[in-house]
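Given chain A, put chain B in place with the hints provided.
Chains as they are written, first to last, in our numbering: chain A, 1 to 480; chain B, 1 to 361.
Honestly, the hints are just simulated from the structure, not real lab data. Cβ atoms here follow ideal geometry from the backbone N, Cα and C, with glycine treated the same way. Check each hint, because a few of them may be wrong.
To be verified - In the DSSO-like style, the derived pairs of lysine-lysine whose C-alpha atoms are separated by at most 30 angstroms in a straight line are:
{"#": "1", "chain 1": "A", "residue 1": "K125", "chain 2": "B", "residue 2": "K350"}
{"#": "2", "chain 1": "B", "residue 1": "K169", "chain 2": "B", "residue 2": "K191"}
{"#": "3", "chain 1": "B", "residue 1": "K169", "chain 2": "B", "residue 2": "K180"}
{"#": "4", "chain 1": "B", "residue 1": "K286", "chain 2": "B", "residue 2": "K239"}
{"#": "5", "chain 1": "B", "residue 1": "K350", "chain 2": "A", "residue 2": "K128"}
{"#": "6", "chain 1": "B", "residue 1": "K191", "chain 2": "B", "residue 2": "K288"}
As the list claims (entries may be wrong) - From chain B, some residues computed to sit far from chain A (all C-beta separations above 10 angstroms):
{"#": "7", "residue": "A64"}
{"#": "8", "residue": "R108"}
{"#": "9", "residue": "R308"}
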Amino acid sequence: MWREFPVELARVWVGPVLLIGLGLALLADLLLAAGAFLEAARQRRRRRLADRLSLFESDLAPPVSLLVHADDDADVIVDRVRALLPLAYPAFEVIVAVDGADQFSMERLRQAFTLRPARRTLRAKLPKGRIAALWATPDLPNLLVVEVADPGRARALNAALACARHPLFLTLDARTSLERETLVALALPFYEDSSVLAVGAVVRPAHIAALRRDGVPDAPVPPRQYPRFEALEALRDSLVHGLGWAFSDSLFVLPDSLVLFDRTAVRSAGGYRNAVAWADADLVMRLQRWAGRHRRRLAVRLVGGAVAWREAAPTLLEHAGRRRREQRGVIESLWINRELVMNTRFTFHHGVAFISQALAGLFRPLFEVLGLALVIWLVVAGHYNAPFVWMFVALHGAGGALLSLLALTLERFACRRLRWPRDLETLAIDALLEPFIFRPVTSAARLIGAIQAVWSQGRVKKAAVEVKASEDAASASRAA
Amino acid sequence: MSPKSQPVPLHLRAKQLIDRAGALGREAMESIAPAELPPGIESQIEALEKELARALAGAADATAVVDVAAGTVPDAFWGAVERLAESVDRDAWAVLTPALTDLDVVRRERGRLRHLSAWARALAARRLGLLHDVESAAGLRRVMARGPRLATLTAALALARIGDRDALKWLLDHPQSTAKLGRHQLVALLKRFGAAGVTLLGESVRGWEVESPIHLAAIEVLGVSAEGTAADPLMRLLKEGRPEARVAAARALGGIGNRAAASVLIEALDDYTWEVRAQAARSLGKLKCVEAAPRLVARLNDRIWWVRHHAGYALGAIGLEGRLALDAVVRSNSDRFAVDMAEEVLEALKWEREGGAGRVA
Numbered sequence: 001m002w003r004e005f006p007v008e009l010a011r012v013w014v015g016p017v018l019l020i021g022l023g024l025a026l027l028a029d030l031l032l033a034a035g036a037f038l039e040a041a042r043q044r045r046r047r048r049l050a051d052r053l054s055l056f057e058s059d060l061a062p063p064v065s066l067l068v069h070a071d072d073d074a075d076v077i078v079d080r081v082r083a084l085l086p087l088a089y090p091a092f093e094v095i096v097a098v099d100g101a102d103q104f105s106m107e108r109l110r111q112a113f114t115l116r117p118a119r120r121t122l123r124a125k126l127p128k129g130r131i132a133a134l135w136a137t138p139d140l141p142n143l144l145v146v147e148v149a150d151p152g153r154a155r156a157l158n159a160a161l162a163c164a165r166h167p168l169f170l171t172l173d174a175r176t177s178l179e180r181e182t183l184v185a186l187a188l189p190f191y192e193d194s195s196v197l198a199v200g201a202v203v204r205p206a207h208i209a210a211l212r213r214d215g216v217p218d219a220p221v222p223p224r225q226y227p228r229f230e231a232l233e234a235l236r237d238s239l240v241h242g243l244g245w246a247f248s249d250s251l252f253v254l255p256d257s258l259v260l261f262d263r264t265a266v267r268s269a270g271g272y273r274n275a276v277a278w279a280d281a282d283l284v285m286r287l288q289r290w291a292g293r294h295r296r297r298l299a300v301r302l303v304g305g306a307v308a309w310r311e312a313a314p315t316l317l318e319h320a321g322r323r324r325r326e327q328r329g330v331i332e333s334l335w336i337n338r339e340l341v342m343n344t345r346f347t348f349h350h351g352v353a354f355i356s357q358a359l360a361g362l363f364r365p366l367f368e369v370l371g372l373a374l375v376i377w378l379v380v381a382g383h384y385n386a387p388f389v390w391m392f393v394a395l396h397g398a399g400g401a402l403l404s405l406l407a408l409t410l411e412r413f414a415c416r417r418l419r420w421p422r423d424l425e426t427l428a429i430d431a432l433l434e435p436f437i438f439r440p441v442t443s444a445a446r447l448i449g450a451i452q453a454v455w456s457q458g459r460v461k462k463a464a465v466e467v468k469a470s471e472d473a474a475s476a477s478r479a480a
Numbered sequence: 001m002s003p004k005s006q007p008v009p010l011h012l013r014a015k016q017l018i019d020r021a022g023a024l025g026r027e028a029m030e031s032i033a034p035a036e037l038p039p040g041i042e043s044q045i046e047a048l049e050k051e052l053a054r055a056l057a058g059a060a061d062a063t064a065v066v067d068v069a070a071g072t073v074p075d076a077f078w079g080a081v082e083r084l085a086e087s088v089d090r091d092a093w094a095v096l097t098p099a100l101t102d103l104d105v106v107r108r109e110r111g112r113l114r115h116l117s118a119w120a121r122a123l124a125a126r127r128l129g130l131l132h133d134v135e136s137a138a139g140l141r142r143v144m145a146r147g148p149r150l151a152t153l154t155a156a157l158a159l160a161r162i163g164d165r166d167a168l169k170w171l172l173d174h175p176q177s178t179a180k181l182g183r184h185q186l187v188a189l190l191k192r193f194g195a196a197g198v199t200l201l202g203e204s205v206r207g208w209e210v211e212s213p214i215h216l217a218a219i220e221v222l223g224v225s226a227e228g229t230a231a232d233p234l235m236r237l238l239k240e241g242r243p244e245a246r247v248a249a250a251r252a253l254g255g256i257g258n259r260a261a262a263s264v265l266i267e268a269l270d271d272y273t274w275e276v277r278a279q280a281a282r283s284l285g286k287l288k289c290v291e292a293a294p295r296l297v298a299r300l301n302d303r304i305w306w307v308r309h310h311a312g313y314a315l316g317a318i319g320l321e322g323r324l325a326l327d328a329v330v331r332s333n334s335d336r337f338a339v340d341m342a343e344e345v346l347e348a349l350k351w352e353r354e355g356g357a358g359r360v361a
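Isolated chain A (complex conformation) (with noise of 0.2 angstroms):
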């Protein structure tokens, strides 16, 4: 019986439904990787054009305030923060949030920097006791230390917010670490066009202790194969469905969170939510509800010449828990910021793009863990030439290898990085094991990740109450 069951399954409906899914998808990411060719042909001839030199001349460059969360970094905040000093950009600000849960971060800081208690007055009203102490040290003007009570990444960085001058600002953790160009390359539409809101980079994995100055790894391509898949799925999620969705001026998800924003559109959002699972992706489609209302176009980009780097997650496991909190926060988000389909002043291209991903995000994952684990059964139950498994391979494997192919073109066309061609001889070998090795895992957890945002109905109710509220605060203080 449970020989025959699967062969069963997979002729009759759930087989033509999982691969009609799967194509459908693949079909979608093919889209949008000829889109994000497109914006990368877009973006390196506008690099050829740019006024670079303009940037640099003393009071031009708009002015930036880095904001570092550090939570359990007490092993590499100090040189994080010794790294970002030095960047090449004329006018910017390091605040290091430290997070109330970590115990041994500000000490280092406070020891490495020699820093003081410091008297700074806040620009956005927090609640009492939120702040512990602010720290700084004459010797270095532009580098301030929040101490900040109480846990949590969005209580961080609203402190740090509150405490930032400048009219742009970009939040990283402490292990990532910025190219000395990057910042350049991310203010550049800000300085060019006055309607960018948010400007987003390709963060890509590496082994951070081991960055040249100018902050770009010896070695792109890690040693180990796990990172490998890693590197892989970066560059996919970045390139091919971050530069894609920017050509259709639909990026709601800025892969991996490094976004220079504008402070001022922020606080019109209502700045960052602790109640969503990923408050970036939330604050990202806030914005470009925001843009929508306002026919902004193009207000928020990701710029494929600007390159981070974070270090790889110690292990498959961790990796995959990330994943899992992003695919739940996005889902949350996108059902929080729902206006983006259903607002009044309907934007055609924000409307198909939000359908497209909260369909990839609820339904992908499941089709793929499915359609695995049929394959799987079939297999031990001697059926390996089922028309399924061969379709499946075809579209789950050969596909996906082709879009991390393509991912790979796109790292030499907008952000090259990688040592051609033995970089690309590793890569496209991994390339065709990924789909197989790492994606299951992968796609587990955005599975449960998908589930448990569809589970915490009253969380993400919350999180609407609280979005809404804010938005109401922010347009009553414009009106005054």
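Below, chain B without anything else, positioned relative to chain A:
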């Protein structure tokens, strides 16, 4: 009879197959996503760059540069010009480059100013702008007027490099052509026109209604360049202009540094637009206007953080009188926000005296 060929071992055949697939893949990648520069021209770029650097240092004459340039492919020529133009002394570059403007590669670029594609026109404008090519001015003006926005901006930047006053007049008379550009970029563009451009801006500012971004940017340039002749019209603008114009004028008056503007700026501390109050306070700090101290102290109670911030730091910049006023606020003011700001500024002044880099203007 030919000898029977030895069968190739399987592992070697597999390796050949993989090598062939790899070569095909590389070719496909090269055609889909070519490298920024075609292969083999890097050496040509370096040779021309070296020759240009020698000519700039006076170790070679322009003829030698022209000879080397004539033998390079267009991509190499423009690659070398791009690399040097932004990093060398502007005057020396302006003397050297006219010798290059008769080259075929430059003439071809002039022809591309009429290209159907806006991208091609913009690229041609950028390249010709790097050469200080005065002969191209008429063509560049056409590109600027024809648009779209990117081509207009690139041609305007090229014309700014050669200090073309007609182009500046056109930009000021056609504000809609630059309406969507960022303020910083417009300021950079106007600054590129140099001292002659600033004089023209100073002369023109009297006739403006000041609504568009380029006019606001022009006011900022007048402040940054400390153009004294513009002080009177800017004071009038600060009194009577629209909110955005008043903000720009208040900021620029601080840059110009004319103490005659102090009374108008003190008056502007009570403006109903908070941005004007903030910029007026900032400018009074730049003017080190002691008479403004009591009014600045009053602004420490403002409900807007930026106004309090600029008022506090302006008091810090004024000198002893300002510091005493801040001390008095800490001792006797009942407004918590004012006391916090005064304490912040006093601490910044103390740290500055200790030898740290200054935060107080």
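Indices of hints not satisfied (ascending): 9
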